[in-house]
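In case you want the letters, here they are:
2 protein chains.
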Amino acid sequence: MNCLLAFDKFKGALPAAEAVRIAEAAMKDALPSAVVEQAPLTDGGEGFATILATALGGELYQVEVPGPRFKPVTGNFALVEASVIPAAALERLQLSGSAGSGKIAFVEMASASGYESLSEDERDPWQTSTIGTGELMKAAVAAGAKAIVLGIGGSATNDCGAGALEALGVLYYDRELQSVSNITPATFKLVNTLGSTSHLLDTFPPVRIGCDVTNPLLGETGATRVFGPQKGLQAEDFDRLERQMDKMGRRILGLFGKSPETWEKHLSEPGSGAAGGIGFALRHALPDSRFVEGFPLVAELLGLAEKSKAADLVITGEGRLDESSLGGKGPVGLLQMLERNKRVLFLTGSAEMKTIDQLQNEFPNLKVIPISDPDWPLEEALRRTPESLRTKLLEALKDD
Amino acid sequence: MNCLLAFDKFKGALPAAEAVRIAEAAMKDALPSAVVEQAPLTDGGEGFATILATALGGELYQVEVPGPRFKPVTGNFALVEASVIPAAALERLQLSGSAGSGKIAFVEMASASGYESLSEDERDPWQTSTIGTGELMKAAVAAGAKAIVLGIGGSATNDCGAGALEALGVLYYDRELQSVSNITPATFKLVNTLGSTSHLLDTFPPVRIGCDVTNPLLGETGATRVFGPQKGLQAEDFDRLERQMDKMGRRILGLFGKSPETWEKHLSEPGSGAAGGIGFALRHALPDSRFVEGFPLVAELLGLAEKSKAADLVITGEGRLDESSLGGKGPVGLLQMLERNKRVLFLTGSAEMKTIDQLQNEFPNLKVIPISDPDWPLEEALRRTPESLRTKLLEALKDD
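Those protein sequence lines, which keep their order, are chains Z and U.
In terms of this note's numbering, the numbers along the first sequence are unbroken and rise by one, the last being 400.
In terms of this note's numbering, the numbers along the second sequence are unbroken and rise by one, the last being 400.
With the rest of the complex left out, here is chain Z (with noise of 0.2 angstroms):
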């Protein structure tokens, strides 16, 4: 029997590589005679560099750089050869020239200006950087990659980009020419003038920026109210930070040149909303940077589709399934390529019924399995998930 092990991350819990490992250690005591095949997901969030180095045996960097709150933190990126690179990803990207045949990084936004990093009261969207995803970008440029495809899940900002673009050599003056430094949106407010970067980003090397959201900047649907919350943000912040972030997009808009009567369009442009606004900076900082869709380049660097066409069994899972996991990436993004009647488990810390009925309905040898005690604490469901998981798929691959 061939079996897939795809797991994306048990949140809080588990990563999704060591998901897979005591899955297959469950695998090899429970079936030994199995071929296994390993797949960690990432959905452009923490263990997106360290699983892709993995994937596609690149070389995985570490580097110190400033945190969200600019204690310094590990930033991590994977730089890998083009020539490794599976034909259809490197379609998607869209790299020509030297970038297509040079070292590609995948820089993890999570690692650098990621929430894992602070403590439930640390996270507030006003005081926190993306200073941190800027210095890694110039470190893998100064290792030699010839692009860089950025993960931004998992941030912790909500500063529209304005600490990268801090790193990559943006000056915040203030109405006395005093340089603002370490940039938050408690600071946009000192801001008068940007400096000029005029020709300093000429050969930044193109930017993919991996993205599975479709929210603008600003408004109803944009990054402070949507992704406000879960970074700390208090709803009755929602007005003030969201003017903070409107000057400061219009401010960036112009900065790069673009004229006043695009701007209503480019605060707009899907995805701008992603991470706080990293990709919205990015994409005009910059003289090649555009937004991909995050979970299809996964699925292809990953070589999901040809993986789980080989297997008998997919086993997969993540943290928590409901209706935000529906939305075509990690778990559910994976199912979605798969033959209908493919024969998959799906653990999971914990599930809402109706998404699970969906799912089921549509895929027939789909078994959603919740793992964890639905009495047990938020607490105590994370500290056991390791050992809930390898008991809950064992006994699943008992009745199988």
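Hints may contain errors.
Since the list gives no way to pick out one identical chain from another, each pair is judged satisfied if it fits inside one copy or across any two copies.
[Claimed, not checked] 27 angstroms max Cα-Cα, derived DSSO-like pairs, lysine-lysine:
| # | residue 1 | residue 2 |
| --- | --- | --- |
| 1 | K71 | K189 |
| 2 | K307 | K103 |
| 3 | K103 | K258 |
| 4 | K309 | K103 |
| 5 | K258 | K11 |
| 6 | K342 | K71 |
| 7 | K398 | K189 |
| 8 | K398 | K265 |
| 9 | K392 | K258 |
| 10 | K189 | K103 |
| 11 | K309 | K367 |
| 12 | K231 | K398 |
| 13 | K258 | K342 |
I should point out that these hints are in silico values taken from the structure, not numbers from a laboratory.
As the structure is a computational prediction, the values presented were derived from the model and not from experiment.
Once you have looked at the hints, place chain U on chain Z.
Chain U alone, transformed into the frame defined by chain Z:
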């Protein structure tokens, strides 16, 4: 009669162009039939951009930038078509490719980071920054300059060029990875690492740093000890500031990939001590930058050789004539270009007897004319310079 009016500035009293205008009016009154040629001189300091814009028919740009103590000042640069630049000057600049045929900017450091904008008690090398010069260079590139010639006279700074590099995208991080902006020697001690600039400066156009001194960055003849005092540095601070300069100099060399065994050589390169080290910083930060001898370049740009050859009488002058005037630039530099027996009037605010004798021995038809009464207090002498210049010149022309 052909007459060349080629004054340098009377420092603190009269810009060079103004001295030339006063002399021209006096000539018109005294010798209305004389054919007058004008050539205000510049030593790369105050007036550099305006004088060259006028002499070469270029366009003068005036841009608000942070001054030496960050208070906004008006920075000047001239944009000049390479095609109108005398061939000898163009050759001296060693510009290749498109830089030799596009527009060339003459950027005046003194306007952005000069001591003229500071009151006596604001002059303090611990507190002054070259950030405005960096901004002015970026503005020149943004305006279309394919190369920059930087005049570095008259600076108020001894910051190792750190401020200019800040404007060009270098970040200074403290131990906590907070970036320290508005960097000056007073905050050097906070700096722990410099942010990578990787490719950021790769396409910066060629920069030529006009320089007439050969001082190294550090040591007895270095920037701090030789030029610090005239910028407001106290002698008891020499060692302390020197240590900071030494550390920053090495950080900059390290940032731009110079191997440690070459550091001593770079730190003692002739000219690296000019203008508080800005040339040193730019030399190592930019892909194509070098020092060029300042006065010979200015002489070629102004066509001094041709103009003085055609003149029966050369009228020149500067604020003070003393031993430091003999360095081969300004009026004495002009003298040294002339046939030995050319008739020359040299008007000067004040003069050292020994230097007068030395020059008059060397040039038989040179007449040095101090214009101020030695009994006047300095303030009065400065204030009365325009009037004294006219009066003394009229007298000299009458005697002649």
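Honestly, which of those hints from before does the structure not fit?
4, 5, 6, 7, 8, 9, 10, 12, 13
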